Each structure stands twice: as structure tokens, then as C-alpha cells.
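Trainee: The hints should help you fit chain B onto chain A, whose structure is shown.
For the protein sequence lines, the chains are A and B, in the order given. Residues 1 to 802 (the numbering used here) are what the first sequence spells out, left to right. Residues 1001 to 1323 (the numbering used here) are what the second sequence spells out, left to right.
None of these hints come from the bench; they were simulated from the model. Keep in mind the model is a prediction, meaning the values are calculated, not measured. One should not assume that every hint holds.
[As the list claims (entries may be wrong)] Among the chain B residues that face chain A by a calculated CB cut under 8 Å, a handful are:
| hint | residue |
| --- | --- |
| 1 | LEU1022 |
| 2 | ARG1026 |
| 3 | ASN1028 |
| 4 | SER1030 |
| 5 | ARG1034 |
| 6 | LYS1047 |
| 7 | ILE1051 |
| 8 | ARG1157 |
| 9 | LYS1181 |
| 10 | HIS1201 |
| 11 | LEU1204 |
| 12 | ARG1251 |
| 13 | GLY1253 |
| 14 | GLU1279 |
[Stated by the list, open to error] Using 25 Å as the maximum straight-line C-alpha spacing, the simulated DSS-like pairs for lysine-lysine come out as follows:
| hint | chain 1 | residue 1 | chain 2 | residue 2 |
| --- | --- | --- | --- | --- |
| 15 | A | LYS370 | B | LYS1289 |
| 16 | A | LYS344 | A | LYS48 |
| 17 | A | LYS4 | B | LYS1268 |
| 18 | A | LYS542 | A | LYS555 |
| 19 | A | LYS370 | A | LYS344 |
| 20 | A | LYS4 | B | LYS1046 |
| 21 | A | LYS320 | A | LYS394 |
| 22 | A | LYS4 | B | LYS1013 |
| 23 | A | LYS20 | B | LYS1046 |
| 24 | B | LYS1118 | A | LYS4 |
| 25 | A | LYS45 | A | LYS27 |
| 26 | B | LYS1081 | A | LYS20 |
| 27 | A | LYS370 | B | LYS1081 |
| 28 | A | LYS4 | B | LYS1081 |
Yeah, the Cβ is synthetic: ideal placement off N, Cα and C, and Gly gets one too.
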Amino acid sequence: MSVKESFESMDYAPAAESRKNVDEWLKANSASFGLFIDGEWVKPKGAKTFATYSPATGEKLATLTAAGQDEVDTAVAAARNAQGRWALLGGHGRARYLYALARLVQKHSRILAVLESLDNGKPIRESRDIDIPLVARHFYHHAGWAQLMDEEFPHHEALGVAGQVIPWNFPLLMLAWKVAPALAAGNTVVMKPAEFTSLTALKFAELCVEAGLPKGVVNIVTGEGDTGAMVVKADVDKVAFTGSTEVGKIIRRATAGSGKKLTLELGGKSPYIVFEDADIDGAIEGLVDAIWFNQGQVCCAGSRLLVQEGIADRFLEKLKRRMSMLRVGHSLDKCIDIGAVVDKEQKDRIEGLIKQGESEGAVIWQADCKLPTEGVFYPPTLVTGVGTDNILFKEEVFGPVLTAITFRTQAEAVGLANNTRYGLAATIWSESISRALEVAPAIKAGVVWINGTNMFDAAVGFGGYRESGFGREGGREGMLAYMRPKYEAALKDWAPLAKAENVAMPKAGSGMPGLDRTAKMYIGGKQARPDGGDSTPVADKKGNLKGLVGAGNYKDIRNAVEAANKAAGWAGTATHLRAQILYYIAENLSYRADEFTERLMDLTGATEKAAMVEVDLSVKRLFSAAAMADKHDGAVHSPPLRGVALAMNEAVGTLGIVCPDEAPLLAFVTLMAYAVAGGNTSVIIPSERYPLLATDFYQILETSDLPGGVVNIVTGGRDEMAMPMARHYGVDGLWYFGSREGAKAIEEAAADNMKRVWVNYGKAYDFTSPVQMSARSLIERASEVKNIWVPYGDANEGGKSY
Amino acid sequence: MTSVNKPDTGVNKGAGFHADWLDGIRVNKSAVERRTATLGGRRAVKKDAQIAFMLKAISCIDLTTLAGDDTPGRVRRLCQKAMSPVRRDILDAFDMGDMGLTTGAVCVYHAMVEGAAKVLGNSSVPIAAVSTGFPAGLAPMETKLEEIRRSVEAGAREIDIVVTRANVLTGNWEALYAEVKAFKEACGPALMKTILATGEHGNLTQVAKASMVAMMAGSDFIKTSTGMEGVNATLPVSLVMLRQIRDYQDRTGFKVGYKPAGGIKTAKDAVAYLALVKEEVGRDWLDPKLFRFGASSLLGDLERQLEYHAFGGYSAGYRHPMG
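One chain only, chain A, in its complex shape (with noise of 0.2 Å):
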């Protein structure tokens, strides 16, 4: 075009960035990459290959190995051999190489953003100044944790080798979020990236020789889905993954009872609630960030739209017109807004879902940006005239495609935002500070932006509720991911309490029966007879009859699952309150200190000192409880922006607790007191063995002022009981202290709402132990972390600070 025609129509000119350090770098490798493993590339003989190709034209970029079983084994054995050092390097060197990396990043960010670009699609917008310097700051932040982990972690140490496996929106991003903190901790790296988007994480292997870091401290396996099941079945400590929530599940069931630590990232379907008293244009610009940032290949997209009904029709129509105005093009051009679709079977997957919404009533309408002729592409488009049952408006389409609703009151928004099996982040517009901070605990996600979105930060968590999965990363809750507590790896086997045989029945003629004390079950703050009107035997350590207890079924567990749900306004009670009632408790046991120790020593055999024992320790973690209530405030972080995140903690919501044999009363009151604490409504299953210490204390939490369904008890067998709650959509969380083949089956079955469970894997807890049962280690198992960006900033002074 001439400089004529250009005055006249004003157009844009295409602004591709250079590709020539990238091209260069290809023809170094002739185009064509092995594994690295234990410091060395490695191209197996025989090995499978495959091709990675640029999807904005879809030429082909590079020829990649596909690890297999051996290679996957060699890579895990030479991280298991690096780890052992890598962790006596302590914080100080691993922070020299972590400071290192950093560095390299920050000094190869030029072509690793156009790699990225042209591998994934994106465009170098995106990845120049989003991922890649999020990427830096990651390796930054993380040398950060490094260097302070002996004194902010003092009694914790790394798990060991960590298996991961990455998705293709962010490849690098993604690759910085599990190798920085699993590195900073001490723990050795096996990575599978995405077989669409492998190139960025060859190239930081490059990175990692040139930053000297030792053989075998991260391992970097290219290959498709087989390659990355290897990886998360290999002889590994940690698995941590990111992408579907489909194949989430799988790895939570396949990694079911292993003892390998869980952390993954899923799916979401997040809302992006504009009300009213929100900036329209600011809300408008937003969702091109939410929405239309990587295509909306984004796990925490603002794909759902719930906009107030009064400003709706103006609110779309203005939407309309900013959607027109998008420009899709080649990833390396600098004056576009969307680049391509990682792959034609992701652009498949996105025709057919809208073709199935648009078949289910939806309206879809498209804006007619021009598409580059070639490549992968598809237009940004906005999804009306839904309802909730519309597959666009429930389920993730992982592309460009927003999917609109209107509400009518706040409680509305709300309940339409938590309407979803997702719970990842959420997105609100309103100028009303007071609203936008109500609104935001409300919502069931990890994440929360005000009045912006994808906001991202090394030392702000990230990570979801629900089917999103569950782990953080980012900050403190993500180190905590990658270590565990020194006392653990010391656990010894755990083992019912034998069972009497023959329970000794009382006798015809054996005189007058005393008044029978009924145990029945604490359902709903009402005492309940079990569902099957079944009772069983409760036998003394020597096999003589104590009393009968209610034979609880699936359906008390439904029965008070459901009271617990309804008591969940629990979590929304101040601190304060639940700190009071909880030393009310105490107050009360103590009272009756002398029956519990006589109970105990009556059924256990336990001498009166060991009983008396128990008691006053029930005593004092109920005050520990209450004591921790109110100071588990959680933190305000200050990400690189005018604003704060508050990372807040709350309540996971509905807990299942199943309680081990041994310590009847004492691991009974611990694990109900902070779970009490936290804010949680519980089911608890008593010890199977002595459950008669659960049934008598009903009576102390009914005389303690704790509102009804705040607790529950079901009486019955561990197994079969903890079953229908592990399967139970209502239960958000799920303790289990129990057999190790029990530990499995829990895990394997929480796996269908993705709970959160905290299982002995067949090891013993000891409830005495004032370091296993730590006031601050329990009420982080019984809470969740919600991070809450508020950017903020009203005054005309130039972005001055005061």
C-alpha cells in the first residue's frame, strides 16, 4: 500500500516481529529435539517422533521425541539420584540457581517470546509482556522462597521427585509455575510439556546448562498423553498437573492411595459479574482480557457473562461493538488482538460445541473481523438466549467464545455464579467497594479479580474449588505444595483396634434392666434414630456388652450431609463467635471431666491416668481451636500493581471426618474443633471401636450454644460409612484415618466432585503429638486460601501515591 492510500483509508499495516533469532536457533538443532535427561539430550534409538507446527500457518516448526516407559524411568531415576543433593544444597544454592534461571529469562526473553508465539499461536504481544516476564518474575519470587525456606518452613522438608505435566496455553508460564517452587523447596523435576507446545520448554533446558544447574535436577520428557500417564504413575513423590478436568480425574484416581501429593489445576467456567454500578466500558474493555486474552484458551477465562438486567441491552450492544473492532491475525503481528487456535482439534472441539449450544436455543453471533486465510482461527464470538442447562453457558469451550446471562440482585449473581461444577476464578465490576467485597467471599473459586481480570502474580496462590482441582500455586500455599512435614516421612503403620469376638450378652434373669442410655446419632442439632432402625453392639476392650449404637446407613449420611449443607451460613460467623463457643465446649467437658475418664477407662481399659489424660488433652486442643480461630487471618499481598490481593482464608465447606479407632475421644474433639474453627460444618464418623465417647458428648454440644448441623454424627462402620460420603456431591472435603486399602478407595472415589481429602494413607497419627496436631497445621487442613485482587485508585494525580 502506498502512503497515499494509507492516508486516505488509515489503515493499519501488518508489524510482524522478527523470527530470525528463532530460525537460527531451529537450524542449530536441525529442527529436530531429543529428551533431556539427567543434563544430556538423548534421542533413544527406535524412539517415536512426532511434529510441532505453528498454528497461525500451520507450518511445521520441529521434529520431537516421544519419551517412552524406559525414557520416562531413566529420567525419574536420574532426578531421584540428583534430588538427595539438590535438597542438601540448602536455600542459599538453590536460590543462586534459581536467581540464575531468572536471569536467563530475562536475557533470552526475546526468543523465547517469539518461540512461544510461534509454537502456541498467541500473540507476541502476549507473550512479550505477559507470560514471559511473568516467567522471570516466577524464577525470581520462588529463589525468593529459596533462600528464607529453613526459616519460613522450619519444619518441613522437600517430598522428593516431583512429576509434572503441563498444558499448551501457557507452555513456559506453566513450566515456571511447577519447576520454580518444586525447585525452591529442594524437591528434583521429571516435566512432560504439551506435545502442541514443547519448544519453550526445550529451550529453558537449554537454559538450565547454561545456568549450570546440576544433572539431573530437571528432566524435561516430550511426548503426548501416553508419555505424560507414564510420567504421573512413574516412582514419583509429587504429581502436579494442569489442563482438563477430565484427565484430572483420571490421575486422581490413578494416583489413589499412592501417598503421592496432589496438585492440579482444572478446567473452570468462570463468571464475570457486571453490575450496574459498574464502569461499562471498563467492564466492556475487561472481557477482552477475560475472554479474548489467548484466544480464551484460558483455564480461569471469564467465559460466563452475568450482567444486571437494567444495563443489559446497553451493555451488549456496546460489547458488540468492541468485539468488531477485535483484530485476529498471525501470531507475530504486533497490531493484533487474537492470535490462533493452538490446534485444528482444538478449533473442532469449539465448532462442535457451538453447534451443540446453538442447537440447545443459544444465540451466537459473531463479529466479522477478518481472518487470515491460512492457519488456525476462529472468530471472537458472544453466546445469548441461554439458560442454565445450555451447554455454553455450563461447560469449559476453552476458545474465544463468551457466553452471556442476565440477573437480577446480587443474591442472584451469586447464586447463578456458583450455579457450576467449576470453581476456579471469578470476575466482578462495580464501583460499590461495599458490594464488590460481599460478593467476592460469596463466590465458591480460589480466585477473585475486582474491577480487572487475569491479573497473575508469583506471590499470590492460584488455584480452584470444585472440579477445578485443588493445590495452589503461587505464594506461600504453593510452596506448600511442593514439601511436607518432617514428622511425616516417621509415621508408623496404622492398625485397627482388634474387635471383641464374642460379645457377651446380658442373661436372662440377670435382674431388672438400669435405665437405658440410648446413643443415637447427632443429626442436625436434633438427636436421630439411624435411617435402617438397626442398632450394634458396642463391646469394652474385653468383650463385654456397653451399649448399642445406631447402625448407620448411606441414607444418615445423606440425612446429614444435608444438615450440614444447610448449616454452611456457619463460615459467614465471626471468628469471635466460633472461638467462644468452642471454649463453651471445653468449658463443659471439663465439667464433666470425671464421666468422660471413667468412660474411657470403662471401655478402652485405659489406667485413670492415661484416661484422665485424654481428657484434659481433648481439653486443651479445644482450646488451641478456639485460640486459633480468630488469628488465622491470612495475608494482603502486593503484587506489581496499584492495589492489593487479599488472600483470604475461608472455610472448605462441608467436611466428611472419619475418625481412627485409637484416641476415641481425643482425635474425635481435635478434628471437630477445627473444623468448628475453620468455619466448616462437619459429618464426623466416631471411632467404630468407641463410639459411645462421640454419642455422650452430643449432650455437651447441645448444652455449648453451637447452632444445629454445625456437627454431625453418624455412628457405624468405617468403611462403609466413609464410602457414601466420599461419593457424596455435597461433601467438599473429606479426613480419613483408616486403613491404607480404605485411603484408596477414599481418594479414588472423591475423585467425582474433586474433593479435598486428607487421608493417613494407613499411617498412624499420633493425637498426642503437639507437633502432628499443631494448632497452625490443622486449621490450614481445615481452610482454604481466596485470593481477592483489588486493584485500586480513584484520584486524577497522574498515578501518584500517597
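Mentor: Then chain B, alone, in the frame of chain A:
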């Protein structure tokens, strides 16, 4: 959306005062800043487009001198520069020698209007006079109105008025409306640019509301600054004002022009402004009829950049005729 009347284009006739049009206006500063901070990365203007954008920028400059030491001689030189802002050989290199490039206007105080009119004669370059007690705008109303009338009589085809900032800061929108409407009547046929002095507003929401009120009252352009405030034109303030221009067009059908003024010194800045305008209100605004830069030193940088694009080799100031 409420709509008064919706002519396709044309001169802003005003819309009457509508308090309810102001009620829903809320501007989130962080969101505004995020948009302007990322726009450059989304819209790199390169190659011929870059040259075209720079030429366009020159055609939209209100070449300005507003100093106490202005003299007829100084203004004469400025006017000549406005009629011929770029060396002919540079334009020829782009095959644009015959495009008749001039700046958008010459902008001076009332006292300089008559002298400027003599130089500019029948050229296409209009004279804009700053008026109404510029820059503070705190002269008596009668003298402000009289100042407008005299400048128009002296040959000014455009009047840049200033508003009473107190009305913005206290939210007295009806008073602001009445003031601007009175100025508009005094302007008669002259184009009226309303300077909001946004650097003296408390926040961006006030900027947005003042913009809307000024347009309701019949402003042909809304303009950021006198150039004398602590903070003059910025991209965030421009985004806020452009969005109000768009909303006003939605409501009334009238296209109102935009003039950022003060602090825009480089070709890079100018191109960024043009891209913002194109993205937010559209191509129609990339025209001196609807867009102006209030600037004095910007032209020099544009000349230097154009010479680089024409001949390669970075330029120096002395190679371009001084204005």
C-alpha cells in the same frame, strides 16, 4: 438508550440538559490505565501506515503559541509554518508533495488574531483564538462573552473556551451547562472547542461527566487542557473523553471532535493518540474536522521522523524550517 434526535452527522446542536445521562457514568481509573497501557502493544503502527499516521498528525495540529511574549512577528512565522509544515522534498519522497498539507489551525490569544488573519488570508488554515479569560476562566461573564465576539469579528474561525472548574469540582453540572451554552451562542458560526482543564478535576468520573455536559451544551470539540495545568493531555484522560464522545453520538447522533492539548511532544505520542482515537471512536475521527492536537513542539519531532523515513539516517532539528 434515550435518544433526542439522531441526525447522521453534522454540527452538534446540543441536546438540552439531561441529569440522568450523568447518573450512570462511572470511571474506574485502574481499568482505564490498563487499556491505554496495553494499546501500544496491540496496535503497532509500522511502515506506510506509520508515515500516513504522522502526516495525519500534522494535519491535525493546532499549531500554538500562547505566551506573554508573543509578537506579531513571531505569530507571522508560526502562520507561515502552519501553511507549509513539512519540507517539500520530504513529502515528495512519499509521493505526497501535492497533498496540500497544512496544520489543522493556528492557535493564539485574541490580541494576535488580527495579525494572524493577515498572514493566513484565504488559506485553508483557520485561526483559533483561546478565549473566555484563558487559562483560568475566572473573568467576569460579560467580558468572557465579549472576548469571544471580538475574536470572531477579528477573524477567528475557531474559539477555544475555558470552563469554570469550580462547577466541575462541586458537581454543579447545570451551571456548567449554562456557561458553555452561553459561550456557544456567543461563538455564532465559529467552531467552539471547550477546554475542560482535566488536570484540575478531582477524578476521571468528573472528567467524563464534564465532557458529557459540555457536549449537551453544544460544544463542537471537547479539549483536555489549556497547557497551563500541572497535568495536561494524557492517554487515560483521552480514553475517558473519547468514550463520552461515543456515548453522546449514540444518544444524539452528533459527532463531537476531540482535542488533547499540552504535553504531546513526540511522533510516537501522536501515533499512539491517533490509534486510541481510531480504536475508540473510529476512522471518521482521524480528520482535522473531528480531531486536533494542541501542541507547539510536536511538529518538530514529526518532521524529523518523516525525514528519517524518507531518506534513512536520523534527522536533526536544524534541518527543518523553524516555526
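Trainee: Now tell me, hint by hint, if it's right for this structure.
Mentor: Against the structure, the hints:
About 14 Å separates the beta-carbon of LEU1022/B from the nearest beta-carbon of chain A, more than 8 Å, and the hint is not met. Against a cut-off of 8 Å between C-beta atoms, the interface hint on ARG1026/B holds, since the closest Cβ of chain A lies about 5 Å away. The closest approach between the C-beta of ASN1028/B and any C-beta of chain A is roughly 4 Å, which is under the 8 Å cut-off, so the hint is satisfied. For the restraint placing SER1030/B at the interface with chain A, the shortest Cβ-Cβ distance is roughly 4 Å, inside the 8 Å limit, so the hint holds.
Here the hint on ARG1034/B is kept, as its CB sits about 7 Å from the closest CB of chain A, short of 8 Å. Evaluation of the LYS1047/B hint against chain A yields a held restraint, the C-beta minimum of about 4 Å falling below 8 Å. Interface hint status for ILE1051/B: upheld, as the beta-carbon distance to the closest one in chain A is roughly 5 Å, under 8 Å. A distance limit of 8 Å between C-beta atoms decides the matter here; for ARG1157/B the minimum to chain A is near 24 Å, and the interface restraint is violated.
With a cut of 8 Å, the hint placing LYS1181/B at the interface with chain A is violated, because the nearest CB-to-CB distance is about 25 Å. Hint on HIS1201/B holds. Least Cβ distance to chain A is approximately 5 Å, under the 8 Å limit. This hint holds: LEU1204/B has a C-beta 6 Å from the nearest C-beta of chain A, less than the 8 Å allowed. Interface hint status for ARG1251/B: violated, as the beta-carbon distance to the closest one in chain A is roughly 11 Å, over 8 Å.
Proximity of GLY1253/B to chain A is violated relative to the hint, the smallest CB-CB distance being about 15 Å (cut-off 8 Å). Given the 8 Å rule on beta carbons, the hint for GLU1279/B holds: about 6 Å separates it from the nearest Cβ of chain A. With a CA separation close to 29 Å, the supplied pair LYS370/A and LYS1289/B exceeds the 25 Å bound. With a C-alpha separation of about 22 Å, the suggested pairing of LYS344/A with LYS48/A holds against the 25 Å cut-off.
A threshold of 25 Å between alpha carbons decides the hint, and for LYS4/A with LYS1268/B the separation of about 20 Å falls inside it, so the pair holds. A hinted pair counts as satisfied when its Cα atoms are at most 25 Å apart, and LYS542/A with LYS555/A does not qualify at roughly 32 Å. A threshold of 25 Å between alpha carbons decides the hint, and for LYS370/A with LYS344/A the separation of about 19 Å falls inside it, so the pair holds. Straight-line distance between C-alpha atoms of LYS4/A and LYS1046/B comes to about 15 Å, which keeps the hinted pair within the 25 Å bound.
A hinted pair counts as satisfied when its Cα atoms are at most 25 Å apart, and LYS320/A with LYS394/A qualifies at roughly 22 Å. About 34 Å separates the Cα atoms of LYS4/A and LYS1013/B, which puts this hinted pair outside 25 Å; it is violated. Simply put, LYS20/A and LYS1046/B have alpha-carbon atoms about 19 Å apart, close enough for the 25 Å limit, and the pair holds. A threshold of 25 Å between alpha carbons decides the hint, and for LYS1118/B with LYS4/A the separation of about 32 Å lies outside it, so the pair is violated.
Restraint check: the Cα-Cα separation between LYS45/A and LYS27/A comes to about 22 Å, which is no more than 25 Å; the hinted pair holds. Restraint check for LYS1081/B and LYS20/A: the C-alpha separation of about 43 Å exceeds 25 Å, so the hint is violated. Between LYS370/A and LYS1081/B the CA atoms are separated by roughly 41 Å; this puts the pair beyond 25 Å, and the hint is violated. For the hint linking LYS4/A to LYS1081/B, the alpha-carbon distance of about 22 Å falls within 25 Å, and the restraint holds.
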